[in-house]
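Two chains, each in its own frame: build the complex with the hints.
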Amino acid sequence: MTKSAMRKAVFAPSPQELSESGAAALRQGRFKDATEIFKQLLRQDPRPEWKQRLADAYAGRARALAEKGMFKEAAIVLENTLAPGGTTREPLLYLSCLIRQNQIQKARRAALAAMATLPAAEAARVAEAAAALSLAAPAPTVVGATPGGSGTWPEQNRAAETALRAWLQGQPADEVDRLISRIPLRSSFGAMRLILKSLITHDAAKAQALLAMIPAASLFAGVRDAAGAALSDAPDLLGHWARLRPAQQQFVAEMRGIPRDRSALLNQIQDAEQRGPAALLSLLVRRGLPLLEEELRAACLNLLPAAPDRMAQFTQRFGPLQPIEHNRIAALSAEARKDWDHAILYWRALASVLERDKAPGSRLAEAVVLRHMADLARTHPDIDEEEEAPEADLVALYLERSLQADPTDLTAMLALLDRYRASDDPKEWYRAAELAVVRFPHNPIVLLHAVDAAVARDAFKKAAGFAQQVLAVDPINLPVRQRMIELQLAHARKQARSGRADLAAKSLEEASAWERSDKPDPSLRIARALVAMPKTADPATADAVHAAVQEAGGSPLGWFRVVLEASLLNWPAKRLQPFHRELQAAYETPPDRATVLALIGLLGQRDLGGTRRAITPALRVFDQYLIGGRHIDWSPAEFLTIAEAMANLRCYPTLHRYATSAVQRDAGNLAARFYQLLAGSGGNREGLNHAEESELFSIMDEAGTRQDFALFNRMQKFALGPAGKAMRRMRKTGKSSLDELDEEDTAELLTALAGEMPSVPAKEIRNMVNHLGRGAAIEMMVSLLSQSSMGEMFSKQQMQQFCTALVEQAMDRRPQPRGRR
Amino acid sequence: MRMSDDPFTTLGVDENAGDDEIRRRYLELVRAWPPDREPEKFQALRQAYEAVSGLRQRLEWKLLHTSTSALSRLKLHCLAGPDAQQRRPTEAAMTALLLDSVQHADL
Numbered sequence: 001m002t003k004s005a006m007r008k009a010v011f012a013p014s015p016q017e018l019s020e021s022g023a024a025a026l027r028q029g030r031f032k033d034a035t036e037i038f039k040q041l042l043r044q045d046p047r048p049e050w051k052q053r054l055a056d057a058y059a060g061r062a063r064a065l066a067e068k069g070m071f072k073e074a075a076i077v078l079e080n081t082l083a084p085g086g087t088t089r090e091p092l093l094y095l096s097c098l099i100r101q102n103q104i105q106k107a108r109r110a111a112l113a114a115m116a117t118l119p120a121a122e123a124a125r126v127a128e129a130a131a132a133l134s135l136a137a138p139a140p141t142v143v144g145a146t147p148g149g150s151g152t153w154p155e156q157n158r159a160a161e162t163a164l165r166a167w168l169q170g171q172p173a174d175e176v177d178r179l180i181s182r183i184p185l186r187s188s189f190g191a192m193r194l195i196l197k198s199l200i201t202h203d204a205a206k207a208q209a210l211l212a213m214i215p216a217a218s219l220f221a222g223v224r225d226a227a228g229a230a231l232s233d234a235p236d237l238l239g240h241w242a243r244l245r246p247a248q249q250q251f252v253a254e255m256r257g258i259p260r261d262r263s264a265l266l267n268q269i270q271d272a273e274q275r276g277p278a279a280l281l282s283l284l285v286r287r288g289l290p291l292l293e294e295e296l297r298a299a300c301l302n303l304l305p306a307a308p309d310r311m312a313q314f315t316q317r318f319g320p321l322q323p324i325e326h327n328r329i330a331a332l333s334a335e336a337r338k339d340w341d342h343a344i345l346y347w348r349a350l351a352s353v354l355e356r357d358k359a360p361g362s363r364l365a366e367a368v369v370l371r372h373m374a375d376l377a378r379t380h381p382d383i384d385e386e387e388e389a390p391e392a393d394l395v396a397l398y399l400e401r402s403l404q405a406d407p408t409d410l411t412a413m414l415a416l417l418d419r420y421r422a423s424d425d426p427k428e429w430y431r432a433a434e435l436a437v438v439r440f441p442h443n444p445i446v447l448l449h450a451v452d453a454a455v456a457r458d459a460f461k462k463a464a465g466f467a468q469q470v471l472a473v474d475p476i477n478l479p480v481r482q483r484m485i486e487l488q489l490a491h492a493r494k495q496a497r498s499g500r501a502d503l504a505a506k507s508l509e510e511a512s513a514w515e516r517s518d519k520p521d522p523s524l525r526i527a528r529a530l531v532a533m534p535k536t537a538d539p540a541t542a543d544a545v546h547a548a549v550q551e552a553g554g555s556p557l558g559w560f561r562v563v564l565e566a567s568l569l570n571w572p573a574k575r576l577q578p579f580h581r582e583l584q585a586a587y588e589t590p591p592d593r594a595t596v597l598a599l600i601g602l603l604g605q606r607d608l609g610g611t612r613r614a615i616t617p618a619l620r621v622f623d624q625y626l627i628g629g630r631h632i633d634w635s636p637a638e639f640l641t642i643a644e645a646m647a648n649l650r651c652y653p654t655l656h657r658y659a660t661s662a663v664q665r666d667a668g669n670l671a672a673r674f675y676q677l678l679a680g681s682g683g684n685r686e687g688l689n690h691a692e693e694s695e696l697f698s699i700m701d702e703a704g705t706r707q708d709f710a711l712f713n714r715m716q717k718f719a720l721g722p723a724g725k726a727m728r729r730m731r732k733t734g735k736s737s738l739d740e741l742d743e744e745d746t747a748e749l750l751t752a753l754a755g756e757m758p759s760v761p762a763k764e765i766r767n768m769v770n771h772l773g774r775g776a777a778i779e780m781m782v783s784l785l786s787q788s789s790m791g792e793m794f795s796k797q798q799m800q801q802f803c804t805a806l807v808e809q810a811m812d813r814r815p816q817p818r819g820r821r
Numbered sequence: 001m002r003m004s005d006d007p008f009t010t011l012g013v014d015e016n017a018g019d020d021e022i023r024r025r026y027l028e029l030v031r032a033w034p035p036d037r038e039p040e041k042f043q044a045l046r047q048a049y050e051a052v053s054g055l056r057q058r059l060e061w062k063l064l065h066t067s068t069s070a071l072s073r074l075k076l077h078c079l080a081g082p083d084a085q086q087r088r089p090t091e092a093a094m095t096a097l098l099l100d101s102v103q104h105a106d107l
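Chains A and B, in that order, give the protein sequences.
At position 808 of the first sequence the residue is numbered 808 (my numbering), and the sequence of numbers has no breaks.
At position 39 of the second sequence the residue is numbered 39 (my numbering), and the sequence of numbers has no breaks.
Same shape as in the complex, but just chain B (with noise of 0.2 Å):
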């Protein structure tokens, strides 16, 4: 069993996207990641794209390989708030931050 960076997850889409979906996604992230300035990520991303950008490929990994993506998926439902609305946090979470800051700084 090959256990290695999931390209579903990677990508951020569905196990059970189909190639314009993924293709979609691909160049979203791409726009957003471009190669000149991000070489790395681009790397990561194309990699990605190129496993699961065909019905052969997806079937192969969805068949042969453990999926992390729907273990992400459910991590980012926990992350979820109410909106996407921004708020501002409490008196203690901001004292606790800035005690904890200088706490974990090296004097």
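Isolated chain A, as found in the complex (with noise of 0.2 Å):
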């Protein structure tokens, strides 16, 4: 022995160790090592085990192989594995390999040999694709194993070759339908009878209900959905002619005559419609279609808005466009490229060309152009202004002329009317309201609409008529019978406001017409009563009073509402002496939750047809009674609608007793805190001492930190005062930066904040002029205003302009602004 071999001997590890570590590299995944391990183990011993090992790992290999693409060296590598049966140690994995290799024939025995020895599941799988193997290409057969159907394999994958060979070759229908029956359904031919079945049935429901009875899972299922595809209507084939596969595409086209450039061609497109509208124009322009002219060039023109530099190629081949195509290509284009200001230019242009145009239909086309004018201008407020009208607000002017264009598009005319009204013109409103009724006198949001609009306007009569048009067309709408009610009312307090007791009393009783039998109106009670009182207290027609009072909810509340209506009917308050006993009552009852919000809300209710001035007599007397509530413990959505309401209705007194209550019980409630900032000025900012407004400022921070921007925006609205008002409408015209403002916006910015500086008096700032001289003077005024809140909402330059003009102002030499947009 050598010394070399020696060592080899002495440093060989044991079989033991051996198989220990090609079990470890077969547990690892390591399918080679393990492989040549084990037979080197079976080179020095052919025990069993580690033959089963050895397969095990050639098995690992092979499916390693397989999941890499690799099928030729993964069916080698299986190979080892042979059983005299000629079947492999994974035999569904090797079919697959061979399969894919497109060895048809090897796989047809692999898959006829595993058929006998695999289990019953795994066999009726294999066995299928055996016979679809077969039937692609036909050989002698020589297993008799029959996993399923009556007969044996052979006899079985004879019927089926012949009943498929018979309806390739064209024989009649009913020739096919006697082979057919002769392949057992439970076959694994079973899916092919179906699938012939399917293909010589002329109804089309039944053939694909035949199909349908094939799982997914079939290894005939891509043959299947071929046969369905073949057998469907144009649009649906369309639908599914890109998923087909190449060998599907081929034989649809065969079954219905197809030509094959033009199965091509389609391919060609759907490949180019991935690629994008250029690429699809460019292959449609070049390739196009015999006879097929005016689809393609109305198909290519639709490429055009995403595609627009292939406008050369277009106009090159199918001549130039006209104005109207071109207009609208071009807008589109714009839209594409979300280029809002060439897209409405555009737009514009097309408007123009169509409204002269002399065709049918222009002028609807036109409007339908105005109306989309509108929707961009809306959505995108930052589109350039209309050269011939600047100041315009160009949803509007857009929805104006297209119904000019079209007069019956309600679409446009209801988006008209919400326009006017979110723009606070009730002039505008009423107006295009008025219209809208005429145009649309059985539309229910319309007139709807034109109640608002009448009302907004104190037109009550009209908006009366409106809503009596409304129940003319839906007699059982509660809520505008409701509103009838109301709006009759509000008419009848106007009359008597004007001293026209007589109309008063005629819209009153013209009112109770629409009242429930079951559930009367106590406000047009009261007002009723007091409408038929005479001036000189008369018992019979004070006791009518008594019985509406009653009606309302009887003490207090009766007696408020009482009070309430004699006010908008503008009742001297000697008037109500015959009830004082009554009021005087109804003051000493303790003010308790449920009063004090059915008050509130008394107060607040729409259509109430008096101007704060009507009502300040009614007021008076709800004070000293609202007074007393300020000890409840109300909760913070309570505290609100009362403290909101009672800032709406000036009642500064009241509101800060109850606030400073409110804060007295919660020192950190915030809105209690707020408000009694806002009552203690008089619901006037400048009313506002130093401290006051930087206690307002911390509070707003603190609603900011707490995130009730609910409180914060209400804040806001106080602290910003009318400059506020100036900015929010220059948000809602589309200016969202004050840097973009342009010089007529600033100076109406400037105006209204110079007119709320009263920190600085007038005198002050002539003084530091004196002192400082004008530049240093308004140098001092910007870098104190930077420090403020101010601060953080102009740039430099403009508090620059703001400090000029107030020196200016306080000077006497204020700027005029210009005109208001």
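No wet-lab data here; the hints were simulated from the structure.
Just so we're clear, the structure is a prediction, and the values are computed from it rather than from any experiment.
Cβ atoms here follow ideal geometry from the backbone N, Cα and C, with glycine treated the same way.
Among these hints, one or two may not hold up.
Said to hold, decoys possible - Ranges between beta-carbon positions, derived for each pair:
no., chain 1, residue 1, chain 2, residue 2, range
1, B, Leu-76, A, Ala-212, 44 to 54 Å
2, A, Glu-36, B, His-104, 31 to 41 Å
3, B, Ala-32, A, Thr-411, 28 to 38 Å
4, A, Ala-212, B, Pro-82, 22 to 32 Å
5, B, Arg-31, A, Ala-64, 54 to 64 Å
This is the structure:
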């Protein structure tokens, strides 16, 4: 023995160690190493367990190779495990590898060999593969194993082959049907029987139902899908075409007689579609289709907005575009680029061409374009303004023009009404609503718009007329019936205030016609009783008031209603004398939560029809009662409702007492602290002293920190005052940044702010200017303002402008702002 | 620009079709895809019909959208055979289809 051989013998691992090492390699997925180890062991001693382990290693290695797509190598590795019967260690994997390599006969033999050795479920699957392969590449069959159906495998195979060949050769359907019936449905060829049956059936629904019986996991599923596509109608086939594989497309094309070049062109079109509109347009322009010039042009035209750089190609092929087409394409293309200024420019040009066009439908098309322009102007407020009407609200302008072109467009009409409602322009809103009612007299939405627009102008009689039109269309609309009463009541109050008691009575009588018999309207009953009362006290008519009060919930709420109604009807206080005793009793009743809230609700009702001045006498009476309710432990929501109602009615002393009590109960109640400041200043921010102003901003900060945005916004509204209104209006018109304000907006804002500078009186400014000089005074003011909250809102340049304006104002040389927009 | 399902394509009608033709086609399709059996398909048909059932709506579609119906008709032209007759494929096409089916099935 040589030294080297001796060293090897000394250091060589034992079989036991090798076996353990091989097992570890198997566990760790190192199948190549495991194969080598077990091969080495088998060379020393061919133990059955090591043979088994080697086969495991081959199978593992084959699986790893197949996962990498190396099917040929995987099949070669698995062939190391071939048993005498022709089966391998992993028959399904082996079969799959052979099929993927297109070794059809070998795969067929492997499938037939594996059928007999596998468990039933796997055997059925392999048998179906064998069936499909046998039909694809017919060859003599030597296996007798039959996983399902009657008869032997060769018999089933022969029946299926015969039927398929008969169908392919174009034999009559009856003959094919006779042959199909020989294929057992439960055999591995059952799916083929269903497919052939569907292909000879004339009933499309039945054919699809037959195909639906083949499961998606079947080895014949690809044939099933192709048959289904071949039998479907053209639009459905088009929907499926891109999903069909080439072999399936070929089958469908042959069955339907589709020429090869056409199906190839369709594939090219679908491929170009994936690459984008430009690629598709290029293909269509280049290829074209005989006899379809018009369709081709229309298809290309619709692709142009997404591929405007292909315009030259288009015009070269189809000639120049008509002005209508050109503007439309350019506008759509601009929209695709989100270039809204150009989009509106081209749409405007298109509308103008359509306006001049005499073709039928042109005016309707113009209206559609103008409505779209209104949509664009609404969603993109930064669009450049119309040259011919630079001050106009573009949305309203385009909608008005759209309605001129198409007066019957309800959508545009409603959009216009909404626009005017939102723009706080009751005059325009009312004008548009009146026009809308003429055009759409039976549309409840239009009529309700008209009601609201009329109310906004205090035209209650007119509003009642519109409401009556709604009820003519929809007589059982309960909310509108109630609205009708409120409107008639509001009209009656207006008449009474102008000294026309007779007309007021008439209006109230008309209102009572809308009352529900089971639910009398307390305000109406009280108003009727009061209007019917002669100026000199009359116990008989006073009884009517008493009865109405009882119907309105009795004392004290009923009597408060009487007081409110009397105020709205412009009664002097002394006319309430017959009821003083009851009113006195109402004051003496301690306020309770429900009554206070009901009273607040009463004061906040819509269509009250009275100015604040009209209800001032009533407020004086209510104040005496409400003050007593300040000690009730109001919830935050209740407090906010009461406080806001009082602020709206300018009942500041009472509000102050409510807020003070609420702060005493809870010092952390931000809303109460705010309303305390608001009421203390009489609702005027200018009334706050320096400490109160600081307190206001500190509460705002705290509200912001607590994310109480409703309160924050309310405080901001109070803190900014008229300047805030100007800024909000500018935001509404789309000026999102203060830097973008034009001269006119800035002048307006500065004027508003300058008018709100009580802490820097003109005299002090003049003194500063006299002492420091104009420039230094302005600099100092800018520096002071930069440290205030305004410093966060304005740029230095804007502050400079603002302070210059203040100085000029103080020195009585205030520049005149240009006309409001 | 809004790109969405083209109602003309969904209904399979020309952009220049009138109210009567569109309604006739819609009713045909509803008979083929009744709402109780094909609720989703019916919903799509209904939406398409509502989108183009009036002249104003059709104009809106034609002016403000890029229609795909002409392209669809081109594609359908590519799929059209010489007649409605069903033919039998060649043996080679059938063999290729069977092999393709087995090759793409999950064993």
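*Which numbered conditions among the earlier hints are violated in the structure presented, ordered from lowest to highest?*
1
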